[in-house]
Amino acid sequence: MKKGDEVIRLKNVHKIYDMGETKVHALNDLNLTIHSGEFVAIMGPSGSGKSTAMNLVGSLDIPTRGSIFLDGKDISLMHESDLAQIRGKKIGFIFQSFNLIPNLTTKGNVMLPMMFQGVDEFEREKKAEEYLKLVGLDGRMDHYPNQLSGGQMQRVAIARALANDPEVILADEPTGNLDTKTGEIVMEFLDKLHKEGKTIIMVTHDPDLAKEHAEVIYWLKDGKLEKVTKGNRVGYSHSRHSLFSRSSKKEAK
Amino acid sequence: MKDYFVLALGNLKHRGLRSWLTLIGILIGITAVVALVTLGNGLSAAVNGQFGVSSTEVISVQAGGLNAFGPPGSGVVNPLTIEDVAAINKIDSVDFAFRRNIVTTRMEFNKNVNYGFITNIPVGQLRDFSYQALGVNIEEGRLLKDGDNNYVVVGNNYMTDKIGFEKPIRIGSRININEKDFTVIGILEKKGSLVFDNVILMNGDTMENLMSYGDQVDIIAVKVKSKDLMIKTKEDIEKVLRTRRHVKEGEEDFQVSTPEALLSTVNSILGGIQAFIIVIASVSILVGAVGIVNTMTTSVLERKKEIGTMKAIGAKNSQIFLQFFIESGLLGLIGGLIGILLGGMIGFAGIIGINQFLGSNTTPNIDFIFLGSVLFGSFIIGAIAGTGPALQAANQDPVEALRG
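Residue numbers (this note's numbering), protein chains in the order written: chain A, 80 to 332; chain X, 144 to 547.
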């Protein structure tokens, strides 16, 4: 896929939750298109529908009305198991609370998405080690999540998101559970991935974070797209080349 | 598939105490089943050994009555006589019948007095057959011959000093039996049976003179002409004895038993006990299975977020199902494995106990097909118990599940 090609498109998407007597219109005729290689932020206060939008963009859910195209394919009518296969391959998830599997080691966690795609064990192990090295955790391969700090856990989650080499990284409040400094390290990794050509979609309620890192910001309000603005990232000079080595050194200390 | 086993094992390990507690129900059930089957097999082998019947062509006839204490025939109201032996000898299908007397008497050796039992060996042509029918073999010395009026052959326990003379009896030892001295001329091989290892064999004529029991007979041993005639001969003997003893059918004061009948009675009693205990064990396994359902259901609820995460990173419903299904099966399997080990140990210990008690030497045998099916069965029980929870896990809505 070339940079600038359409990756995800939401077309006239409605999401209505049936809460018994009342119906909640979480998304109301949302249209947005995300292109390959973009760093996109989805912004909005709570109740704006940004979580619902994230679930739909991440193909975790299907719309009540409207269509969602992932790589040009309409996924809004797909069965859950087919969706699972597609998102496992095309989308890497990073969650606010890391969501590592507590009973698996760091390496086991990174290997898991590849196992679901049927990658053989030797290959899984090799790649997991590679990705953990990339996030500077090659010394923590056999640790369990409860033996790691928050920042380390989120970096494991980043390695896991990369496991199947997806086109899109979907980060839901990736720094929400981290202090400012560790949050910055995590954001540096996302920047680096973006620089390497990944499409990054970040859901956040923090306007400064969105402005600092994203190229395009979609502002949601009451289930509708309120406005689209440009982030400070436009024209980004790619000057912070030493990010990975720098954070690795930090970790080593 | 291997991956799911590894995942499941990891999960069980990390759940620690709760996994172990869940195992207990299945574990107790399997332990009980394995222990009882092992013990039952050993017990039935030991009991069969006690009867020490080697020739299946012999029918034994015994008078009924009070027989709770002492050897067969003692304390009987209306004992069998040598006329009964003669009458049975006249039946067509009977090859020959001979008397057996078993008498408990005083014996002295090494200045110790003890009470033991003597049985007669018929003199003449029946001698060889009676040795064969009793299934005795000599370990040291020789068996009795006609005219051995001052000799006896003793059971193996006399040599190994389990009888209580404080000194083992050897070939050439002199024992005083009922005020008369006898020389030991042979020692029998160990049979693992209280009856045969503690017996003293004496020639029939000598014993009759010594104990003066006259015409009275304790057991009539009957050799049948052919194995096929066993049942018919048994019925004929019953008919003859009913007439002679003036009793109606169904009110017999005597017992005609074939070895198979004896053994099958014992085995059916043992089988009944085993069946009963297996029912109880099954209840325990059922309770164990319900325990697994319970644990797995809780586990699915607790790991909701984990399930959501796995779905987000690409797990299909079938993959989630498989993981929980195998995890549950493994709970059963591990319970079964420990149960087999524990049950086996209890069974073996029990058999050693039986051997000590009965003086038998039954060796416990390991039935791999049985153990294999127990293991497979316990995995299946666990897996079936986990099917519901596993389906519940697999069908979670990813968004809902991620919320935790």
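Worth flagging that the hints you see were computed from the coordinates, not collected in a lab.
Hints may contain errors.
[As the list claims (entries may be wrong)] Partial pick of chain X residues on the chain A-facing surface, computed with a CB cut under 7 Å:
1) S273
2) I456
3) K459
C-beta atoms are modelled at their ideal positions from N, C-alpha and C, and glycine is treated no differently.
Hints, verified against the model:
Interface restraint check: S273 (chain X) against chain A, minimum CB-CB distance 73 Å, threshold 7 Å, status violated. Checking I456 (chain X) against chain A: minimum C-beta separation of about 4 Å stays under 7 Å; hint holds. Proximity of K459 (chain X) to chain A holds as hinted, the smallest CB-CB distance being about 4 Å (cut-off 7 Å).
Checked against the numbered hints above, the structure violates only hint 1.
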